[in-house]
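Asks: Please put together the full structure from these sequences, using the hints given.
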Amino acid sequence: MRSIKEAFNNIKGSGRKALITYIMAGDPSLNATKKHIIALEKSGADIIELGVPFSDPLADGPTIQRASERALAKKITLRKVLGFVAEIRKATDIPIILMTYYNPVFKFGVEKFVRAAVTAGVNGIIVPDLIPDEAGDLIREARTHNLDTIFLLAPTSTPERIRKAARASTGFIYYVSITGTTGAKLLIDPRMRKTLNSIKNISGKPLAVGFGISTPKEASSVSLLADGVIVGSAIVKLIGEGKKVTKFVRSLRKAV
Amino acid sequence: MKKTGGKSPDRKGHFGQYGGRFVPETLMPALIELEKAYNKCRKDKGFINDLASLQKDYIGRPTPLYFAENLTGRLGGAKIYLKREDLCHTGAHKINNAIAQSLLAKRMGKTRIIAETGAGQHGVATATGAALTGLECEIYMGSEDIRRQSLNVFRMRLLGAKVTEVPMGSRTLKDAINEALRDWTTNVGNTHYVLGTAFGPHPYPAMVRDFQSVIGKEARKQILQKEKKLPDCLIACVGGGSNSIGLFHAFINDSVRMVGVEAGGHGIKTGKHAARFAGGSIGVFQGCKSYLLQDRDGNVLGTHSVSAGLDYASIGPEHCNLRDMKRIEYTYATDNEALNAFELLSRTEGIIPALESAHAVAEAVKLAKAMPKNHIIIVNLSGRGDKDVEHVARIKNISL
Numbered sequence: 001m002r003s004i005k006e007a008f009n010n011i012k013g014s015g016r017k018a019l020i021t022y023i024m025a026g027d028p029s030l031n032a033t034k035k036h037i038i039a040l041e042k043s044g045a046d047i048i049e050l051g052v053p054f055s056d057p058l059a060d061g062p063t064i065q066r067a068s069e070r071a072l073a074k075k076i077t078l079r080k081v082l083g084f085v086a087e088i089r090k091a092t093d094i095p096i097i098l099m100t101y102y103n104p105v106f107k108f109g110v111e112k113f114v115r116a117a118v119t120a121g122v123n124g125i126i127v128p129d130l131i132p133d134e135a136g137d138l139i140r141e142a143r144t145h146n147l148d149t150i151f152l153l154a155p156t157s158t159p160e161r162i163r164k165a166a167r168a169s170t171g172f173i174y175y176v177s178i179t180g181t182t183g184a185k186l187l188i189d190p191r192m193r194k195t196l197n198s199i200k201n202i203s204g205k206p207l208a209v210g211f212g213i214s215t216p217k218e219a220s221s222v223s224l225l226a227d228g229v230i231v232g233s234a235i236v237k238l239i240g241e242g243k244k245v246t247k248f249v250r251s252l253r254k255a256v
Numbered sequence: 257m258k259k260t261g262g263k264s265p266d267r268k269g270h271f272g273q274y275g276g277r278f279v280p281e282t283l284m285p286a287l288i289e290l291e292k293a294y295n296k297c298r299k300d301k302g303f304i305n306d307l308a309s310l311q312k313d314y315i316g317r318p319t320p321l322y323f324a325e326n327l328t329g330r331l332g333g334a335k336i337y338l339k340r341e342d343l344c345h346t347g348a349h350k351i352n353n354a355i356a357q358s359l360l361a362k363r364m365g366k367t368r369i370i371a372e373t374g375a376g377q378h379g380v381a382t383a384t385g386a387a388l389t390g391l392e393c394e395i396y397m398g399s400e401d402i403r404r405q406s407l408n409v410f411r412m413r414l415l416g417a418k419v420t421e422v423p424m425g426s427r428t429l430k431d432a433i434n435e436a437l438r439d440w441t442t443n444v445g446n447t448h449y450v451l452g453t454a455f456g457p458h459p460y461p462a463m464v465r466d467f468q469s470v471i472g473k474e475a476r477k478q479i480l481q482k483e484k485k486l487p488d489c490l491i492a493c494v495g496g497g498s499n500s501i502g503l504f505h506a507f508i509n510d511s512v513r514m515v516g517v518e519a520g521g522h523g524i525k526t527g528k529h530a531a532r533f534a535g536g537s538i539g540v541f542q543g544c545k546s547y548l549l550q551d552r553d554g555n556v557l558g559t560h561s562v563s564a565g566l567d568y569a570s571i572g573p574e575h576c577n578l579r580d581m582k583r584i585e586y587t588y589a590t591d592n593e594a595l596n597a598f599e600l601l602s603r604t605e606g607i608i609p610a611l612e613s614a615h616a617v618a619e620a621v622k623l624a625k626a627m628p629k630n631h632i633i634i635v636n637l638s639g640r641g642d643k644d645v646e647h648v649a650r651i652k653n654i655s656l
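Note that the protein sequences, when read in sequence, are chains B and C.
For the first sequence, this note's numbering assigns the number 1 to the initial residue and increments by one for each residue that follows.
For the second sequence, this note's numbering assigns the number 257 to the initial residue and increments by one for each residue that follows.
Where hints are given, some of them may not hold.
Cut-off 30 Å, straight-line C-alpha distance, at most; resulting in silico cross-link-like pairs (DSS-like, lysine-lysine) [claimed, not checked]:
#: 1; chain 1: B; residue 1: 112; chain 2: C; residue 2: 268
#: 2; chain 1: B; residue 1: 74; chain 2: C; residue 2: 528
#: 3; chain 1: B; residue 1: 75; chain 2: C; residue 2: 525
#: 4; chain 1: C; residue 1: 296; chain 2: B; residue 2: 164
#: 5; chain 1: B; residue 1: 164; chain 2: C; residue 2: 292
#: 6; chain 1: B; residue 1: 80; chain 2: C; residue 2: 528
#: 7; chain 1: B; residue 1: 75; chain 2: C; residue 2: 528
#: 8; chain 1: B; residue 1: 164; chain 2: C; residue 2: 268
#: 9; chain 1: B; residue 1: 200; chain 2: C; residue 2: 292
#: 10; chain 1: C; residue 1: 525; chain 2: B; residue 2: 74
#: 11; chain 1: B; residue 1: 200; chain 2: C; residue 2: 268
#: 12; chain 1: C; residue 1: 477; chain 2: C; residue 2: 582
#: 13; chain 1: C; residue 1: 525; chain 2: B; residue 2: 80
#: 14; chain 1: B; residue 1: 247; chain 2: B; residue 2: 74
#: 15; chain 1: B; residue 1: 205; chain 2: C; residue 2: 268
#: 16; chain 1: C; residue 1: 418; chain 2: B; residue 2: 185
#: 17; chain 1: C; residue 1: 362; chain 2: B; residue 2: 185
#: 18; chain 1: B; residue 1: 194; chain 2: C; residue 2: 292
#: 19; chain 1: C; residue 1: 473; chain 2: C; residue 2: 312
Across the chosen pairs, the derived CB separations fall in these ranges [claimed, not checked]:
#: 20; chain 1: B; residue 1: 69; chain 2: C; residue 2: 413; range: 27 to 37 Å
#: 21; chain 1: B; residue 1: 34; chain 2: C; residue 2: 552; range: 20 to 30 Å
#: 22; chain 1: C; residue 1: 414; chain 2: B; residue 2: 69; range: 28 to 38 Å
#: 23; chain 1: C; residue 1: 268; chain 2: B; residue 2: 75; range: 29 to 39 Å
None of these hints come from the bench; they were simulated from the model.
Glycine residues also receive a C-beta, built at the ideal position from the N, C-alpha and C atoms.
Replies: The following block contains the structure:
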């Protein structure tokens, strides 16, 4: 199994940046998700971010909210997603990051969750409603069991917040490109450049940018400023419409 | 008795193991800014005077502490006093918090306030605060609640607020909060989120408690004046928990029994209720760690109550801690008990309570009978029942 670190190391010097693609587990079924992951990898994704459906996804825009509702309607749970990752590990060694809200993890039991995730073959975790200040338990367990913890930063983040997230993050740091939810409209402005540079200087860790990147052109612009580009809602939208993701992801690959 | 006042919450907003901040990183600077602004304003004479003046001349405070002699006589036990928050401007205690937060938003230089609402009471209160302070206002409301509370939707619009429908999730209060948080995440620069109850990420639970604690401060003074002693028991309904903590807080270090009443809906066994303590477990939801109605996988369950204001899956974190400390007892009243209390108070006292407050009255009915006649109960009558009249008629199959 490749690690997230290896995924970032592999592209160093290649002129490429890491392409991180998000899909919702179980939308519209776990079988379909398996096919999508294989297709994403073949089309050039370096890392898979796998969403865990939750009843109250407050960091997500309408596209991923609907995907979450569809997956919940199929009774997809964190437990099932872990079983699914274990299963798919027979077919691929691409790094997989779970994106889950905190309550399912808390309810599962933080220590138990981290052990189960690592055993299943999960490489890292992103929890959009968990800030480093409240993540002591998760970080401790994750370090012990070698699970990457990826924290988020935003256009509003102060140097103090950047230092906090940088210390708490392993694998990479996730920069939320906009003040808003997933799938909102992207704006690349001088302020974003400045913030990204300041995060890179403070953290010295790989930096990936997500939220609002929906076209190869946007992905290309962002890739000039960061080590990785995260695309979610645009792919989830295609899946929701029953369309294939291959062509779109290939065009993203060429762009970053 | 264990002292619980003073340093609660801690610096990071924890009440014991509860509370804290579980939000997207984007909101952290806004929460820190709000905390700083609040800490400054609460000590600022200008802010204190402005708020006190509006409490008196605009909200109509102090609200009366009324001896419900007829109800007391009917039950034949302890003396029942009603703290008349139903007489506040806009008809409920919600205005205490909404006006204070509107003033705070204005002082922070924000030009826009947003809020969630379930039954519409907090939405109306916030729209009122916005009209008063000249701020732009947008209220989020689940499509299911919009359908049920069309009168309050119109009231908000009359007050100049934009009411935005939330068609996602269960289409009720919790989804309106999600959407308000999403809006705040997006428009955090110019917008303040007027959260309506003692819940959510720090500093909201402490700040809303402080803005509502005027209820208990007045009640304590009034009962000492009228009875020359403290009450034996306080009763309040608990949705998010702001009217109850508002009444209880001033008495927290006194030897006074306190009872919080949750919504028992159709009964705990049916699963159709909003009794977080009787039927829930610890979880993390909408900004804080607290008791939560959830399934085994950590998804939040649907709730039911005849009263929209109590129909919520979680409860303020300070309540959880005070329950652990055995300082406050929590029980529940079913829909039927609340409806009976609604009629009883209407007929004995000529006061139509909000269905939320009727839950507290229902508990008073149970407790008063078993208490001696020289004992005193204060019930927080948190809102008036005009908004519920249509709903009750529908339940009784009466077409208006």
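Asks: For each hint, tell me whether it holds in the structure or not.
Replies: Status of each hint after checking the structure:
no., hint, in the structure
1, 112/B / 268/C, "holds, 26 Å"
2, 74/B / 528/C, "holds, 23 Å"
3, 75/B / 525/C, "holds, 23 Å"
4, 296/C / 164/B, "holds, 25 Å"
5, 164/B / 292/C, "holds, 20 Å"
6, 80/B / 528/C, "holds, 27 Å"
7, 75/B / 528/C, "holds, 21 Å"
8, 164/B / 268/C, "holds, 15 Å"
9, 200/B / 292/C, "holds, 29 Å"
10, 525/C / 74/B, "holds, 26 Å"
11, 200/B / 268/C, "holds, 28 Å"
12, 477/C / 582/C, "holds, 25 Å"
13, 525/C / 80/B, "holds, 28 Å"
14, 247/B / 74/B, "holds, 27 Å"
15, 205/B / 268/C, "holds, 27 Å"
16, 418/C / 185/B, "holds, 23 Å"
17, 362/C / 185/B, "holds, 29 Å"
18, 194/B / 292/C, "holds, 26 Å"
19, 473/C / 312/C, "holds, 14 Å"
20, 69/B / 413/C: 27 to 37 Å, "holds, 29 Å"
21, 34/B / 552/C: 20 to 30 Å, "holds, 25 Å"
22, 414/C / 69/B: 28 to 38 Å, "holds, 34 Å"
23, 268/C / 75/B: 29 to 39 Å, "holds, 36 Å"
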